[in-house]
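Peer 1: Chain residues, written in single-letter form:
2 protein chains.
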Amino acid sequence: MAETAATPPESLPELIATRDWDALRGILAPIADQDIARVVPELPSEEREHLFAHLLGRERAANVFSYLPTELQGQVLEALTDEDKARLVGELHYDDAAALLDELPDEHTELLMDMLPVADQQVLQALLTYPEDSVGRLMTPEFVAVRPEWTVGRALDHVREQHDAGETVNTVFVTDEGGVLRGMVGLRELLLGHPWSKVEELAADDVVRIGTDEDQEEAARVIRHYDVEVLPVVDAEGMLRGIVTVDDILDVVEEETTEDFHKLGSMSAVGLSLNRASAGLLYRKRIGWLIVLVVVNILSGTAIALFEAAIETVVALVFFLPLVIASGGNAGAQSSTLMVRALATGDVQARDWLRLLGKEAAVSAALGATLGIGVMGAGSWLGGPDVGFAVAISMLLVVVLASMFGMLLPFALNRFGLDPASASAPLITSVVDVFGILVYFSVATVLLL
Amino acid sequence: MAETAATPPESLPELIATRDWDALRGILAPIADQDIARVVPELPSEEREHLFAHLLGRERAANVFSYLPTELQGQVLEALTDEDKARLVGELHYDDAAALLDELPDEHTELLMDMLPVADQQVLQALLTYPEDSVGRLMTPEFVAVRPEWTVGRALDHVREQHDAGETVNTVFVTDEGGVLRGMVGLRELLLGHPWSKVEELAADDVVRIGTDEDQEEAARVIRHYDVEVLPVVDAEGMLRGIVTVDDILDVVEEETTEDFHKLGSMSAVGLSLNRASAGLLYRKRIGWLIVLVVVNILSGTAIALFEAAIETVVALVFFLPLVIASGGNAGAQSSTLMVRALATGDVQARDWLRLLGKEAAVSAALGATLGIGVMGAGSWLGGPDVGFAVAISMLLVVVLASMFGMLLPFALNRFGLDPASASAPLITSVVDVFGILVYFSVATVLLL
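From first to last, the protein sequence lines are chains W and R.
Everything in the first sequence is counted per my numbering, starting at 98 for the first residue and increasing by one.
Everything in the second sequence is counted per my numbering, starting at 98 for the first residue and increasing by one.
Hints in this document: simulated from the structure, not taken from any laboratory.
Among the hints, a few may not be true.
Same chains, same label: a pair holds when it works inside one copy or across any pair of copies.
To be verified - Here are the computed lysine to aspartate or glutamate pairs in the EDC-like style, where the Cα-Cα straight-line distance is at most 20 Å: (1) Lys456 - Asp344; (2) Lys382 - Asp444; (3) Lys295 - Glu351; (4) Lys456 - Glu139; (5) Lys182 - Glu297; (6) Lys382 - Glu111.
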């Protein structure tokens, strides 16, 4: 286990309930900001107010606050006086403040904005103009930039002066007089360099960068692919506007992945902690797909109705219906899951579909044959050898068809600009049910009637 | 888009095929290592050999090599002479070299080991003794450490001397004479500090750390929770053994997530790029669960067989069977997906199950009622009002039961030390089919016969 502070964070709510503020100051000192943030949901409003307004001190209050989920930030703010509110928000990093203001109701945003210093207002307004989910919304506009013609000594002096401005001063950016990104240099290289060398002699100039309006997922891809710790963000003119760090990306990746999971479970992305999501919200996120699937399932029922006569003749056929169509659904769910994830990680590209289809045909034929041979015995036992044979042949056909469908649907969705993750297991299963029923009863009709 | 070098990497294979080595040296110079790595799979063996042995230069060859997937690393090594092999492996970072040696067949590992300098052999042997998937296997043993009693000036001199040793010199660790971790200090703080201050005055001593034998997933959790860029790794005696950086964690998180996706699609984790996985491997990863599910599906068939008399009396009942049982499966798949992901991200803890069960009961009752009322019309139209009513009641019951089951199974698996992600949509769907059939035909028998 990771070693943390002496007082276990779980006991904090009780300790805070004692309201022995002087003792608490000492107790809180060695506890990590993130661990304090974790217990905030359990505190009553009054104690939250005291914690953020008085107990933690300005800078620390802002740090703890920045680790709270956005809904909770809104609640904490409501517990504070206007003055304390402005102080807390004024102390936040710009990217955190922008994310907060974006989530608050408009009237709150305006109220808060008016209480902030004008310089902060301008920076925040600028950040809020970038499109949602864009890199501009994720980046922090605080960085340290030096000029290429400066000496290393001057650059280091500049870094020392700016030590409050940059979240990540480990990397120093090189910009020209117009603010256009020209390169970057590690603080370590500056430190190791000769004080009279020019910055441009040490800086790398072929720097990977990204545009403010790009999608945050693209920033995640670039950071992963190029294995960089910090990615400079530039506007259309090439001016350095901010930086994105690898820890920002961890959050983006987790959010995107959770969205993919929810879609693969045939839901709208819940976009909220499951712990805090209300029953009403969960209902709304789930009912849509269930209704769509019901429509598909009614088609299955109609498909069965087509074969009413066959069922009346050989009722035993119905016993194997769930087996055949479910196996198709399962194989299809496997191949769609493989494709959705491989497309999401970039392991597989859109142009690979034909080659993968060939492989899938081979794999699914082998799977279908294995299962078909396996169920032939069960079929023969419950319904006679003819039924056994019909079940085996249907199994092979349905598994191959379903796997092909499960593989191609994510590519097709991707091709039309939709999210491949919408090719959920339940969607595949339901669609495959329809053609599973048609194949099974058709085969049975031909072989048995 | 991220701006990259002038020559698009896609055209590299063609350029390398020209074998105009002198021109290629210039062309490759501005291209990122990762982009060169990306085209290696497309090169024939002879050109790979030339690329890694001659064209790239020692250090760059090792960097490009470290971005290749392990299977490909093995292939590239085979194309090289023994001497070139040893040179390449000797140039790798220790963590990359250990990962490679671990994957190679034993006789290759020994052969390669023998060719390395003794000091390297010792470090690599030590790394390879840590359990698989442990932090010890992930960490790099290269870091820069200073003593608490040193002056800032001396510490900075030490950093300058060590500038080849540390992958991440942005953070300097503080250890005592026994090598026990005492704290850490940013290179930036050292730089900003007075040269005659003591290191201990600047260093943070309440440092989050992790043990060498901990699981890599735990390291990911700690790095995310505490938002640190680098995590020191200590042994049982508290001695600093290595460091894990946030970009190592990105890879761990992606691998773990892909495993979860594959399990949720009812497969064994493929653990390999889908692009390179052979048809045989994919068959083996998929067939196991399909067979397990077939057994469950045969139970469904047997359940239907119990109601043979009812089906013979009212064939229309069968038309709604897929609808009712599939809706149950879909709702169950939704709730299991929500739980699996929430447990994986730590959003939900094992102890939350009872509270979440209450919420799930409310949500699923609302979902079941909505769907039940919706299908009552279709049921009445195809089979008369009695069938419609039976379908609606069954729908409500099956959706609620299935959602409860889908929600509880991940918690139950977790409780018994199994992976919650095994509660896959196909497994839920298949199990729910069995009790869906029983509920549906029982309700129908009571209401209709």
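Peer 1: What hints, given by number in increasing order, does this structure fail?
Peer 2: 1, 3, 5 and 6
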